[in-house]
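For the sequence shown, the numbering used here begins at 79 and goes up steadily by one.
Keep in mind the hints are simulated off the structure, nothing from the lab. Where a beta carbon is used, it is the ideal one built from N, C-alpha and C, also for glycine. Among the hints, erroneous ones may be present.
Label-pair distances were calculated between CB atoms; the ranges are [said to hold, decoys possible]:
#1 G226 <-> D134: 39 to 47 Å
#2 I155 <-> E135: 29 to 37 Å
#3 K112 <-> E203: 36 to 44 Å
#4 E101 <-> E128: 20 to 28 Å
#5 E190 <-> D122: 41 to 49 Å
#6 E140 <-> N225: 36 to 44 Å
#7 D162 <-> N197: 25 to 33 Å
#8 A144 <-> P195: 24 to 32 Å
#9 E128 <-> E183: 43 to 51 Å
#10 D157 <-> E135: 35 to 43 Å
#11 K115 <-> I233: 54 to 62 Å
#12 T173 <-> I143: 32 to 40 Å
#13 V215 <-> E128: 54 to 62 Å
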Amino acid sequence: MAEEKTFPMTLEGKKKLEDELEEYRLKRRPEVIKRIKIARSYGDLSENSEYESAKDEQAMVESRIAQIENMLQYAEIIDNEDVDKDEVSMGRTITIQELPDEEQEEYQIVGESESDPFNGKISNESPMAKGLLGHKVGEVVEVEVPNGTIKLKIIKVD
79 MAEEKTFPMT LEGKKKLEDE LEEYRLKRRP EVIKRIKIAR SYGDLSENSE YESAKDEQAM
139 VESRIAQIEN MLQYAEIIDN EDVDKDEVSM GRTITIQELP DEEQEEYQIV GESESDPFNG
199 KISNESPMAK GLLGHKVGEV VEVEVPNGTI KLKIIKVD
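With the hints as extra help, turn the sequences into a complete structure.
Next comes the structure, spelled out in structure tokens:
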């Protein structure tokens, strides 16, 4: 039997998924069911665009519910208690500097499901995170990214 994929995530990421699941179950699903019921009342379903639209939305809602339930079932909560405080690991917030630039950037390394690069959360599967994981404060790391190689200095790990 194939091994199930786990979904590494922070406690915060798990909570967000739980909240999203509740939103889908308690709000979005009932809204779609109501739309389907109203569309059915219009009669002939063969040419009922409201009905088709509501059924399509229902499929998307149910698909997302199943996806979230699967991620939560196989969630692997990130625990950094046994990891050196200066070491880059999942769940940690890091400050890095791309050399030779002076500008510093801050990112949190999170699981793929909670990745949000525009808000400073990068996936542990991203090239940059993969290149930095396991390295320590003060190290300069060469990281392969899609457009070449960059040098990153690890300034701080929280």
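Determine whether the Cβ-Cβ distance between I155 and E135 falls within the hinted range of 29 to 37 Å. Since I155 and E135 have Cβ atoms about 32 Å apart, the given range 29 to 37 Å holds.
Given a hinted range of 36 to 44 Å, is it respected by the beta-carbon distance of K112 and E203? holds (39 Å)
Range hint 39 to 47 Å: satisfied by the CB atoms of G226 and D134? Given about 42 Å between the Cβ atoms, the range holds.
Given a hinted range of 41 to 49 Å, is it respected by the beta-carbon distance of E190 and D122? Holds - the Cβ-Cβ distance for E190 and D122, about 44 Å, lies within 41 to 49 Å.
N225 and E140 - C-beta distance against the hinted 36 to 44 Å: holds (39 Å)
Given the hint of 32 to 40 Å, check if T173 and I143 actually sit that far apart at their C-beta atoms. holds (37 Å)
So does D162 sit 25 to 33 Å from N197, Cβ to Cβ? holds (26 Å)
If I claimed the Cβ atoms of D157 and E135 lie 35 to 43 Å apart, would that claim hold in this structure? holds (38 Å)
Is it true that A144 and P195 lie within 24 to 32 Å of each other by Cβ? holds (26 Å)
Taking 20 to 28 Å as the stated bounds, is the beta-carbon spacing between E101 and E128 within them? Since the Cβ atoms of E101 and E128 sit about 23 Å apart, the hinted range of 20 to 28 Å holds.
Can the suggested window of 54 to 62 Å be confirmed for the beta-carbon pair V215 and E128? holds (58 Å)
The hint says 43 to 51 Å between E128 and E183; measuring C-beta to C-beta, is that right? holds (47 Å)
Figure legend: structure checked against the earlier numbered hints; every hint is met.
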